[in-house]
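So the sequences go chain by chain: A, B and C. Positions 1 to 354 (our numbering) are the ones given, in order, by the first sequence. Positions 1 to 291 (our numbering) are the ones given, in order, by the second sequence. Positions 1 to 264 (our numbering) are the ones given, in order, by the third sequence.
If you're looking for bench data, these hints aren't it; they were derived computationally from the structure. Virtual Cβ for every residue (Gly too), placed ideally from N, Cα, C. Check before you lean on any hint, since a few could be wrong.
[Claimed, not checked] Each pair of labels, with its calculated beta carbon distance range:
hint, chain 1, residue 1, chain 2, residue 2, range
1, B, T36, A, A119, 51 to 59 Å
2, A, D163, C, G60, 42 to 50 Å
3, A, D163, B, P155, 23 to 31 Å
4, B, T36, A, G116, 57 to 65 Å
5, B, R207, A, K210, 54 to 62 Å
6, C, L171, B, P211, 44 to 52 Å
7, B, G83, A, K191, 37 to 45 Å
8, C, L171, B, L210, 51 to 59 Å
[Unchecked claim] Chain A is faced by these chain B residues, among others (derived, beta-carbon under 8 Å):
hint, residue
9, P39
10, A43
11, T70
12, N141
Okay, here's what each chain looks like letter by letter:
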Amino acid sequence: MKLASSPKSPSRAIASGAALIGLMLGASSALADDAKELRIFNWGGYTAPDLVAKFEKETGIKVTVDTYDSNETLLAKLSAGSAGYDIAVASADFVPIMIEQGLIQPVDIAALKNYGNLAPEWKDRAWDPGNRYSIVWNWGTTSAMIDTAVYKGPLDSLAVLFDPPAELQGKIGMSGATSEVVSLALVYLGKPQCTAEMEDLKALSALLEKQKPFVKTYDAAGIAERLGAGEVAAAEAWSGAAYQARQQRASLAYVYGKEGVYGWADNVVVPKTAAHVENAKLFIDFLMNPENAAVLSNYTGSQNGITGSGAFMTPALASAPEINPPKGETIVFGKVCPPEATKAYERIMTKVRS
Amino acid sequence: MTQRARPLLLTSPALAVIGVFMLVPLGYGLAYSFLTASPYGGAELPLSAEGYVQILFQRDFDDSLYFSPTYLLILLRSIVLAGLTSVISAALGLPVAWFIASRPARWQGTLLFVVTLPFWVNSLVRTYCWVLLLRDQGLVNMALQGAGLTQEPLPLMYNDGATLVGLVYNFLPFMVLPIYAALERLDPRLIEAAHDLYATRRRAFLRIVLPLAVPGMRAGALMVFAPALGYFLVPDLLGGGRSLMIGNLIQSAFTSGRNWPFGAALSTLVTAGVLVFLVIAARRGRVEATP
Amino acid sequence: MKRAYDPTHSPGLGAYVALIILFLYAPLAVLTVYSFNGGNLVTVWNGASLRWFEAVIANGDIQDAALNSFMIAGSATVLATLIAIPAAMGLERASRRLGVALGSLFALPLLVPEIVTAVTTLVFFASIKLRLGLANLVIAHTVFCIPFAMMPIRARVRGMGETLENAARDLYAPPFAVFRRITLPLLAPAIWSGAILAFVVSLDDFVISALVGDAGTTTLPVYVYGMIRRGITPEVNAASTLMLVFSLILAGLGRSLSRRRTRR
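Take the sequences, apply the hints, and build the full model.
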């Protein structure tokens, strides 16, 4: 019962292995300093291929895209000194940390040609007033998405998610990330983000414990799928996932409650270790053109911050309620919370989910 | 070359690679477990045992310590699940390994390839496919309802059972291959001899095949149990995230929880625990005679 | 003489194995079908379409990622297996105390949770300023592939005994010839098993690959995992199906090549 194999195969394996390694080392060193290059580091599926192709054609700069899965990975890599990225995309709550730790460099964005196209509210956000380090890439909100075929009542409050009526009990999907659950819960309770006051923590804990028996899943990864397939009838969903889900199931509706919604914004930044800063600035300028911003939004399904891009977006997207919050709706943007708050929230959520 | 020097010489490449590229990072990990959490990830001085204290004790809202069994429960559940995964995949995998090992030599390579080909596909994608199969409107339920065997969809997902299915699926080749490697040298004449001596099929299996497979199963158990403890994707996607596993805890400690010392402490505990178990098992195992 | 009892055939075993293969391939079948899904969600069917295959063919990034994955996995497998063979033999022939100590050391990459290995390796590489691009990842992968490659070989060596090798030595065979002509062929099935395991493990790793490695080293699992936050599209299904087809072709080539060689 023996596998037929000649004694020569290990030596052959060694030879091909050595060749492989030599090839790879050669290939990676061939990526020497070529001035016509731009390396983008972004979430997966968040950089529109059409956008990249258009930029490459207009400027002749070759673009490569690497991907990561979370802000924490980005932060860990930049902190450890990972090099080679010219453009990165970081969430708003992480931008102040990166500024403070000197991981990103100021770029003179206000001097760029297309700066005038950036909508005024995006020129003065709390995490980077004056756009010294960043501009918004895409932004959106997080709220509740409800299947109106299952629940026919009013959709004017987040209570439908946190204090669900009978027909939604047992069919609720929440995020698996502590910060996402807590930030929306705090919006619902009307408490400030990152609060560590004992009263607030107790209210938070009570709310989430009360909700737990009615929750089916604590996992953000499959939310659009579950909503679209009808596995859950109410879920905490961010606007892009909500839009996706609604394409699959038209009876879904996004809630703009009286308490408000949670806002998120991803921003383009230039790491300190960027090798091609001028190309990065060209790219940022390129992004602020309304047509290009629309190309990006059409691909990602999320809103951008450039005035006039609505004219170039697909009609379905331009009119989608998920990415066009009603005027006057309270949007609460978050920030990375100080350690006492983070620890408290982790403790609360671990207890809820254990 | 003396008998004593030879093992060291043979293992020196492995020693060098793992010594440098595993022990040093591990040293960092151990160091982290005794430091204080930096506000935005990472760890810094001063030295502190807080990472370990947090495993058993929580600070109440007024900063006093009280014993909290939450993490111990999570640890227990993970151990049970990982243990079950090892046992089930060993039980399922042993016949498969025996089947492959007992085929003619020219088929064994192909069969091994057939058994491992599914694992060339990314594990995340595979797990999503199980979601497709197991959920309420999934293919399994549709098939069952279509065949008239059930009226309501069976709750096949978002529970520990689904997590177990996902884990066993992902770890099956890690059992089949080492058992196969151990069984392959079995001479069929041994079994024939046993039969000539009036042994039943069952007896022959228990006294000849099984003891030979045991080293393979031990190796497989190690390759299944330890990694299964650290899994978090399968419990999240298939188990619905309602029950946290140790993998979730450690993962979130290093990412969103921004509590590296706690994650490092948990990880040190888990690693040390399995190591101790291994050493004890090795001590007792060596006493048995090997065939 | 007709054998009434074939020890290698047990009743029902074939059927059982067929069932297991069904279990293993059910998700794959689903995967292939759903790569033709016209809709945007990976697990909700919305008509048949080839658009995701077109997307994969147009998407240079996913192809680069797949290429990176294969290159890293291939190199790490070769290195890990080469290191594991003598290590496994040395382990099994070592004294009990040394064997336990070394065995525990070599098992470490298996025991430590991946995120810890990933984070600490990242910090370590940064502190020694190791910047070799893909080679960084190859090193990290080789480290955790070694125990996987070693395990089947150890299981095999444990039962092997030294009689055959001693016989060869008694006949004045030099040590390397003993290794090449006796030990290696005896170990071959275990070596292949170890190599396959190491390859699969490396191909699938995303935690370590996501953190360790500079620009230009995105692998396929990292690419797929990076899409989790925004939703995985059937493009990933299509890419996986294409990879399956590719590996089938590769394996078929390998089989016909080795068949030609073993005709002796």
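Quick rundown of the hints versus the structure:
1. For the pair T36 (chain B) and A119 (chain A), the beta carbons lie near 42 Å from each other, so the given range of 51 to 59 Å is not met.
2. Taken as a hint, the range 42 to 50 Å holds for the pair D163 (chain A) and G60 (chain C), whose Cβ atoms sit roughly 48 Å apart.
3. Look at D163 (chain A) against P155 (chain B): about 24 Å separates their beta carbons, and that is inside 23 to 31 Å.
4. Taking the beta carbon of each, T36 (chain B) and G116 (chain A) are about 47 Å apart, not inside 57 to 65 Å as hinted.
5. Remark: the range hint 54 to 62 Å for R207 (chain B) to K210 (chain A) is upheld by a beta-carbon distance near 59 Å.
6. For the hinted restraint 44 to 52 Å between L171 (chain C) and P211 (chain B), the CB-CB distance of approximately 31 Å leaves it violated.
7. For G83 (chain B) and K191 (chain A), the hinted distance range of 37 to 45 Å is satisfied, since their beta carbons lie about 42 Å from each other.
8. Between L171 (chain C) and L210 (chain B) the beta carbons are some 35 Å apart, a value that contradicts the proposed interval 51 to 59 Å.
9. Taken as an interface hint, P39 (chain B) checks out: its beta carbon lies about 5 Å from the nearest beta carbon of chain A, inside 8 Å.
10. Interface restraint check: A43 (chain B) against chain A, minimum CB-CB distance 12 Å, threshold 8 Å, status violated.
11. Nearest Cβ of chain A to the Cβ of T70 (chain B): about 5 Å, under the 8 Å cut. The hint holds.
12. Proximity of N141 (chain B) to chain A is violated relative to the hint, the smallest CB-CB distance being about 12 Å (cut-off 8 Å).
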